[in-house]
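K.L.:
Line by line, the protein sequences give chains A and B. What the first sequence shows, in the working numbering, is residues 1 to 207, in sequence order. What the second sequence shows, in the working numbering, is residues 208 to 438, in sequence order.
Hints were generated in silico from the structure; no laboratory data involved. It is possible that part of the hints are untrue.
[Unchecked claim] The calculated DSS-like cross-link candidates involving lysine-lysine, where the alpha carbons are at most 25 Å apart (straight line), are:
#1 K112/A / K334/B
#2 K328/B / K10/A
#3 K366/B / K199/A
#4 K364/B / K199/A
#5 K68/A / K334/B
#6 K198/A / K366/B
#7 K370/B / K146/A
#8 K199/A / K361/B
#9 K114/A / K199/A
#10 K65/A / K9/A
#11 K67/A / K370/B
#12 K10/A / K334/B
#13 K404/B / K9/A
#14 K12/A / K302/B
#15 K262/B / K114/A
#16 K68/A / K203/A
#17 K10/A / K198/A
#18 K370/B / K12/A
#19 K112/A / K68/A
#20 K10/A / K366/B
#21 K334/B / K141/A
#22 K12/A / K366/B
#23 K262/B / K203/A
#24 K9/A / K370/B
#25 K370/B / K198/A
#26 K199/A / K370/B
#27 K198/A / K67/A
#28 K65/A / K334/B
#29 K203/A / K65/A
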Amino acid sequence: MSTTEVTSKKLKGKDLITIGIFSAIYFAVNFIFMMAAALHPIMWILMPGFIALFTGVPYMILASKVKKAGAVLIMGLISGLIYYATGMFTVVILITFASACLLAEVIRLATKYKSFTGNSISFAVFSVGMIGSPLPMWLFKDSFFKQISEQTGQGGIVSGNYLSILSNLATDGMLIVLILAPIVLGGIGALIARALFKKHFVKAGIV
Amino acid sequence: MVRKSKYENTVLDPRAALMLLFLVTVVVFAQQSLYLELALVAALISLFLYSGLFKNGLILFLGFGFLLALQYYIFPNAPQVFAHFFAILTTYARKVFPCIMVGMLIVKTIPMRYLILAMRKWRFPQKLIIPLSVTLCYFPVIREEIGHIRDAMKLRKVKGIAKAEAIFVPLIFSAANTAEELGAAAVTRGIENPAPKTSVIELRFRLQDYICLVVSLIFVWAAFWLRRGAV
Chain A
1 MSTTEVTSKK
11 LKGKDLITIG
21 IFSAIYFAVN
31 FIFMMAAALH
41 PIMWILMPGF
51 IALFTGVPYM
61 ILASKVKKAG
71 AVLIMGLISG
81 LIYYATGMFT
91 VVILITFASA
101 CLLAEVIRLA
111 TKYKSFTGNS
121 ISFAVFSVGM
131 IGSPLPMWLF
141 KDSFFKQISE
151 QTGQGGIVSG
161 NYLSILSNLA
171 TDGMLIVLIL
181 APIVLGGIGA
191 LIARALFKKH
201 FVKAGIV
Chain B
208 MVRKSKYENT
218 VLDPRAALML
228 LFLVTVVVFA
238 QQSLYLELAL
248 VAALISLFLY
258 SGLFKNGLIL
268 FLGFGFLLAL
278 QYYIFPNAPQ
288 VFAHFFAILT
298 TYARKVFPCI
308 MVGMLIVKTI
318 PMRYLILAMR
328 KWRFPQKLII
338 PLSVTLCYFP
348 VIREEIGHIR
358 DAMKLRKVKG
368 IAKAEAIFVP
378 LIFSAANTAE
388 ELGAAAVTRG
398 IENPAPKTSV
408 IELRFRLQDY
418 ICLVVSLIFV
428 WAAFWLRRGA
438 V
C-alpha cells in the first residue's frame with residue numbers, strides 16, 4: 001500500500017470496489033435471515049440480532065480496509081437500494097436503517113476509524129438499523145395486524161396461527177429483546193471478527 | 208441473451224427498465240385486488256415473451272401458478288403445521304413476485320454497462336455507481352465461490368461451527384483478493400480519472416419504452432383507484 005493512499009481522506013477507486021464487494025457479502029447474509037424471518041415470528045423478531053452476529057466479519061473487515069468517511073454509509077445505501085428494488089423495504093425500516101448508518105459513520109469519525117472498540121460500537125449501532133423491519137408491530141399495532149390479516153386473507157387462507165403468535169409476541173418485553181439483541185449479538189459478532197482477524201486475516205496480510 | 212452487437216440497443220432502454228421497476232414496486236405496495244395482480248403478472252410475462260425470453264416466461268408463469276395453487280388449494284387442505292410454516296413466506300413471495308420478475312428481466316436482458324450508463328445519465332454520484340455495480344456483479348461470484356469451497360470440503364469431515372468458519376473465511380479471503388486485483392485493474396483503466404466519462408453506447412427511448420411506461424402508469428393509477436373504491 002502506498003503512502004498516498006493511506007493519507008488520502010477521500011474514497012478512491014479501490015476503496016469503492018472494496019466497499020462494493022463487502023456490501024455484496026453483507027447483503028447476502030442479511031438476505032438469508034430476511035428469508036428465514038418469514039418461517040416463524042420469533043425468527044423475525046430475532047432477525048436483527050442474527051444478522052448482527054453473522055455480518056460482524058464483513059463489516060469489521062470493511063471498516064479496517066477502508067478507514068475513510070462514507071464506507072458504511074455507501075454499504076447501507078446499496079443494501080437499501082437493492083431491498084427497495086425487490087419490494088422489501090418499508091418506510092419505517094428506511095428511517096431506522098438510514099439513521100443507524102449515519103450514526104455509525106459519526107462514531108467511526110469520532111474514534112478516528114482505527115480503534116477496534118470504536119468500530120465495534122459503530123457496528124452494533126449499524127446493526128440496530130434492521131429493527132425497523134418488525135418495528136411496525138409496536139408502532140402501529142392495530143392497523144398493522146389489520147393490514148396483515150387483510151393481505152393474507154386476500155390469499156384465500158387464514159394463517160391465523162402466525163398472526164396469533166405474532167400478536168402475542170408484540171409485548172413490551174419483546175420490544176426490549178428486539179432492540180437489545182442486535183447490540184449484544186453485534187458485540188459478540190465483533191468479537192468473533194476479532195478472533196478470526198487474529199487467527200487468519202492478520203497473518204495473511206488482508207487487514 | 209439479447210446481446211447481439213456492441214452497438215445494438217437492448218430491448219428496453221435501461222432507464223425505462225429502472226423506471227418500470229420503480230413503478231411496479233409502487234403498484235405492488237398499493238394494490239389490493241387479485242385481478243389487478245393477475246393482470247400485472249400477465250403484462251410482465253408478455254414483456255418477457257416480447258424480449259424473447261420464452262423459457263423464463265414459462266418458468267415464471269408456472270412459478271406464479273404454483274404460489275396461487277399453494278395458497279388457494281394446498282394450504283387449506285394441508286396439515287396445519289405445513290401451512291403455518293410456509294403461509295407467510297408464500298404470501299410474501301407472491302406479493303413481491305412482480306418486482307422479482309422485473310429484476311430478472313433487467314438481469315437477463317440488460318448488460319451491466321447499460322445500467323451504469325443509465326445511472327450516469329441520471330447524475331447518480333460516481334461514488335455510488337461504482338460500488339453498486341460491483342455489488343451486483345459480485346452476487347453470482349459469491350455463489351460460485353461457496354460451490355468451490357464446498358467441493359474442496361467434501362474430502363474432509365468438517366461439521367458445525369468449524370464448517371461455518373471453513374466456508375466464511377475462504378470467502379472473505381477471496382473477496383479481499385478480488386477487491387485488491389479489481390481495484391488495481393480499475394485504476395489502470397482510469398477509474399479515478401475525474402473527466403466526464405464517454406461511452407460508445409447511445410441510449411434512446413423507443414416506442415416500446417414509452418408503451419411500457421404508459422402501461423405501468425395505468426397500473427399505478429388503477430391500483431390507487433381500486434383501493435379508494437375498497438376503502
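K.L.:
Flag every earlier hint the structure violates by its number, smallest first.
P.N.:
Failing hints, ascending: 7, 11, 14, 15, 17, 18, 20, 21, 22, 23 and 24.
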